[in-house]
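Chains as they are written, first to last, in this note's numbering: chain E, 497 to 1250; chain Z, 497 to 1250.
It is possible that part of the hints are untrue.
Identical copies go unnamed one by one, so any copy, or any two together, can satisfy a pair.
Said to hold, decoys possible - Taking lysine-lysine pairs in the DSSO-like style, the calculated list, with each CA pair at most 30 angstroms apart, reads:
{"id": "1", "residue 1": "Lys974", "residue 2": "Lys547"}
{"id": "2", "residue 1": "Lys620", "residue 2": "Lys741"}
{"id": "3", "residue 1": "Lys919", "residue 2": "Lys547"}
{"id": "4", "residue 1": "Lys546", "residue 2": "Lys974"}
{"id": "5", "residue 1": "Lys974", "residue 2": "Lys792"}
By construction, these hints were calculated from the structure, which means they are not laboratory data.
These are the residues of each chain, in order.
Number of protein chains: 2
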Amino acid sequence: MLNQFYPFYKPKLNIMMLFTRRFFVLSIALLLAVTASVPVNAQQTLNDVKKDRGLTDNDVLAAAKTFMPRGGRDEYFGFVGTGNSGTMIVYGLPSMRIYKYVGVFSPEPWQGYGYDDESSLLLKKASLDDKIDWYGDMRYPGFSETNGNYDGKHLFYSDGANSRIAMLDLEDFETKQVLSHPLFLSAFPGVAVTPNTDWVIQTSQFPATWDAQSSDLKSGITFWNFHKVEKTTKTGHAGRILKEKSITLELPPFTLGYSDAGKFGSDGYMVGLASKDGKNYVYLVDYNKVVGMKTKSVSNFAVVPFANANKDGVVAMIQLPAKANYVKVTPKGKYFITVGDETTVFDFAKAIKALTDKSFNGKVDGIPTIDAAAVKHGSIKLGNGVTDIAFEYRPNIAYASAFNDKKVVRWNYETLKKEGELKLDFKPGQLMVPQGMSASPHSNYLTVVDKEGLYKNFVSVGPIRPSFQHLIDISGDKMSDLYTMSLPQCNMYGSVAVLRTTIKPIIRYPTGTNSRTGEISPFKTVAGKEKIERKGNRVHVFGTLIRSHITPEIVEVNQGDIVTFHLTNLELAEDETHGFTIDTYGKHGSFEPGKTASLTFTADREGAFPYYCTEFCSALHLEMEGILLVKPKNWKGSKGGEITLTKKELAEYKKNYEDKLKVIAQTQDVINGVVKWLKENHYENYPYVKALVQDAVAQLNKAATPKANYEKFAKEGKWKDAFLWAEQYFQYQVKAADAGLRAKKLLTEKLGSK
Amino acid sequence: MLNQFYPFYKPKLNIMMLFTRRFFVLSIALLLAVTASVPVNAQQTLNDVKKDRGLTDNDVLAAAKTFMPRGGRDEYFGFVGTGNSGTMIVYGLPSMRIYKYVGVFSPEPWQGYGYDDESSLLLKKASLDDKIDWYGDMRYPGFSETNGNYDGKHLFYSDGANSRIAMLDLEDFETKQVLSHPLFLSAFPGVAVTPNTDWVIQTSQFPATWDAQSSDLKSGITFWNFHKVEKTTKTGHAGRILKEKSITLELPPFTLGYSDAGKFGSDGYMVGLASKDGKNYVYLVDYNKVVGMKTKSVSNFAVVPFANANKDGVVAMIQLPAKANYVKVTPKGKYFITVGDETTVFDFAKAIKALTDKSFNGKVDGIPTIDAAAVKHGSIKLGNGVTDIAFEYRPNIAYASAFNDKKVVRWNYETLKKEGELKLDFKPGQLMVPQGMSASPHSNYLTVVDKEGLYKNFVSVGPIRPSFQHLIDISGDKMSDLYTMSLPQCNMYGSVAVLRTTIKPIIRYPTGTNSRTGEISPFKTVAGKEKIERKGNRVHVFGTLIRSHITPEIVEVNQGDIVTFHLTNLELAEDETHGFTIDTYGKHGSFEPGKTASLTFTADREGAFPYYCTEFCSALHLEMEGILLVKPKNWKGSKGGEITLTKKELAEYKKNYEDKLKVIAQTQDVINGVVKWLKENHYENYPYVKALVQDAVAQLNKAATPKANYEKFAKEGKWKDAFLWAEQYFQYQVKAADAGLRAKKLLTEKLGSK
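Just need the whole structure built from these sequences, with the hints factored in.
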């Protein structure tokens, strides 16, 4: 137990100590730095380097094709579901650099996802027991589409481990929804998206009971209704999965696999893989009909009973000669292709006609079957152990990976002929062409999953190894293997890629945004309105974050209080995220510019707990800290005591104080000069510059109290107090100058570019 | 509630359905694939690519210097603490590819770190309340040293957010220890390591109370005793931090910063940064003396009280003219250098002499002070906003980053002269030269942290952005900027790098290893010894994982049972990790070859829950699954009922059965051929080949029961049962063939390389 001389109730001086225990490395002179250009000094020739590093001409060519010079921009954004990490990887093609991990089904501390109240609520609501599930199994991303093309707005993932579905908004690259499936105990870890994102399709995987409702094993296909918002708002694309409008089609117990949606002529239909008793099928569903059918409610979820659906002939099965790994719909929706050693191209129109005409040749578990021969366009043996196919821009051209043959085959699914191949020194797995699963595939690159990359190209990093993916150049007649990327913390299966420029990310949120809902948070706090509210043992702290202050800087609570920090990042600038951590209290959040989020905890341990910014935000980043004081139970207060200074110490503080006043005067000159220049150049006409000036003024406004204090203490001859308050004044002043100078720099650039 | 016709208590056939609902894509023919070489087909010339992509000659040179051709190996391993992600990044230089994220202070689902019982226990023991802390703040890694050189064995991290210390073993790249600091409420997020790793030094950061022991604000320096094991064992380097032999030196309340340990002539001393009341210091500690002093026990931790330490003159302060960011000891231990706009080189011998002779010029908060002028070698102004320095191989040469000047300066700390500079187009932060903080720095590369990389070289990925790091070529007289890497999920501060070949990672654990303790787990299970034990409501499952089976494949428990799966990965091969997830039960683990780990949970929800392997492990990966049956409370059993087949169905199953027998015979021919070849070539002399043959035999041994069953059912005319059991027999047979063929391939390679 802390005794009654609770340290922070000693004289005020001790609190000041907490404030000023640091000294600024930054001086005004340093802030006036100049920009210089970058000469690159080549000392070795290319031939020297080739010789030194044992590179061939082809290696140099591959290096040149994938190297990203400073200022360059990758052509595509790639997105990968990491499998059991429950996060999404964002990478660039062709540089194959990883830009981001985004928490989806698992919390992610760097972004505070699953740490602040808002995102914790999102994840808890998607669990079966109001607890956060700390992992997921997500393999095949689905992209939102408009007229069959990736529109760069949303990504969807299915969690195979915990039967959830997630929606991400690419305006801020954050997860906006995670929903628990009310029926499936086992979900396939991938989704299909319909051409205008009306429905996001998730299927069960292994047959299972539907929780607490029936003793029978079942399968099912869920059509999640997606409410798409055409006009992008400031707070995100704002689309949402609407559970109450979603529908599940009940099926007899099959193991279900990969599925895809029709397009254009086949719009309104979906296909998917199924297996049972050692037999393999591709199924066809008229989902436009399904979603209009009468439903019954199971676990509060709309279900179309199998018997009803079957009566209306909305589903049929086509038996396959062997197991298929994937079924994929061609870019224009004409065919669907089942992928395996015998790759079969089915004519989508013929299959639809057979379903519509009820041209069935039998039944499996009650589901009518269509004769494969009657609806297929043709078959082709593309190699041994064919794993996957991918489509590209050139008409009817696709790629296939032949795992056991160690090659990628280029082929034509109209003529059913091979058109080329690339031999590899690894066994190729899943394939991806940028935009390949949309109506508009591109033709530059093919990525190939390599589960054995480590043997050939990577060093050993212990018993557990990352996944690997190759970049293949498919732009010319001949293909070439360019680059091997390592994907840590990841089981690599599928990925999708879209032209980078299709995605238009925001830089900041409107001030006070709850980034999960896109709405303005009721806890939004603006500068000057920071406060601490208490009702009984419930304490709400309404605070702000801006370079380089956390306000309030001291929060006092009683042991046992339930405390919430509601923090708003007031920054108007780019990339000015502040992190927030309370030492040893296990509370942590990430606050991007404009975001408001809350951290709730019980203050069950007494003591003085520093809190601080965890993201480097400026040269003054280390100044962003404060103290949470948790007073012991039954604490009665302490008398404290004055600290007596020696004469020598007092003289030293007097000198420090006077020196500080000189520095303050010099700094003020700089500020005055900057203010004059900004006014002359009409800073108020440039929103971002104006925002920085507002930041600067906000800092200066805070300086009034310290100034009154240092003048008062100086008058009383209390030189240490006077010095410490002058130091505090200087802090605000330097921060104002810092913001002002950045405003000047930005305005200079803007004027120069006119 | 599930009704009494609980599905899995229906006829046995239904259980078989669960087994065989999939069909093998793999046939014996596919297993006999041939290896081919890789031609790379260049179609564009280098000049075409340069033109297309707007590359300069220097870009191509940089590309060639960093591109890693297939089969190439990076020269160095780099290690980064991610800040508030609580994980470590492992990357390669010069390719700057990320190989791994390792969970340290935060759980990490891909590795199961913080998910299985063993690693959860490790993390819980390091928390204040037996709960897992789900984040950390780790910035500056410390490498284990032998005679001042990085020995590639261990890494150490301090958690600034939750006051913990962690030790990783680089034999398997895993975290072996996380200890909560018993005194500090605020720890500096970095450590210093002494030249033979006798002590790992962690300091407090902000002054705070020492939990529940005193009302006074304090600082402290903790010397964690490290028990180093010279001989590397099969189960890891086996070194451990010994808390009971560790000691904390109590200090008056200063804010403490970066610290470093002396070497050679300065061995036994450490230096660190301190600040208080706006004044800045570097402190010097004679730690050899400190660790021998009498201690008192505070919170069960040995503390040297400040008064005693001070009496013995083990610590002194040297005041600095301004705040320093770092203090670093030169490679041979001659100087320590405080880094800031005025960078000061102190003569370590003179400082030690001043401490020993008590040549003090005053006191600060009771700590004696040494006159800076008397012990300094000299000062140099290296630029504006100097952030960090790094040492290299060439005598007395160091680098400094001047943040505001946007340049890196090469300088000589003996002559105190600048020797060159590289202008940059970004503000450089922290620096690192491979092995730069050891006695043997290298001279090829310098890495530079870039907090503004996004503006110049990266695309926007929403409001929160990754950290960036540049690779600079310092090998020649002129420096050049080669590459920008993105570090996702990371606040980039410090990193360390070591020659790749210094680290010798293991490929697998001895069978049954608890990877956290390095000991053989009491729950180790070998093939054939799998079992389920029950005492009241406590169920222990002793299972095994090996391609492509989880044994047991069905586990039945009662609702409310407390269940533990103890699983052992029996694989002897490389990179054969199996993941394990129980659908919607929130239990997940990663099982590297040889590892035994346990997953404990309460079976509180009734139903049938699939479990499966989450790591791609072979073409038969999807076969690795089973079912957890949780019987409802008060369940009395069901009678079930036979399923009657039509005549046509029966005939179809008879044909399937007969076809399957043919395939089984063909497969057996292949197996016999392989076995003959292996014997002729004396496979038993090659341990890894022998291990694969053992895997194959283990699979075949499992096939006896299915064989007896299919023969019995065929005799009875129960063709569906006969077919399903034949299918099951074939599964084991194919897996045996798979392992056998891999053995043959490996032996072929081994014979060829002789």
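Hint check results:
1. With identical chains, the CA atoms of Lys974 and Lys547 are at most 30 angstroms apart both within one copy (27 angstroms) and between copies (20 angstroms).
2. Proximity of Lys620 to Lys741 under the C-alpha cut-off of 30 angstroms is restricted to the intra-copy arrangement: shortest distance 22 angstroms within a copy versus 43 angstroms between copies.
3. Both within a single protomer and between protomers do Lys919 and Lys547 lie at most 30 angstroms apart by alpha-carbon distance, with minima of 26 angstroms and 28 angstroms respectively.
4. For the homomeric pair Lys546 and Lys974, the shortest alpha-carbon distances inside one copy (24 angstroms) and between copies (19 angstroms) are both at most 30 angstroms.
5. With identical chains, the CA atoms of Lys974 and Lys792 are never at most 30 angstroms apart, being 55 angstroms at best within one copy and 75 angstroms at best between copies.
In summary, the structure is inconsistent with hint 5 from the numbered list given earlier, while agreeing with all the others.
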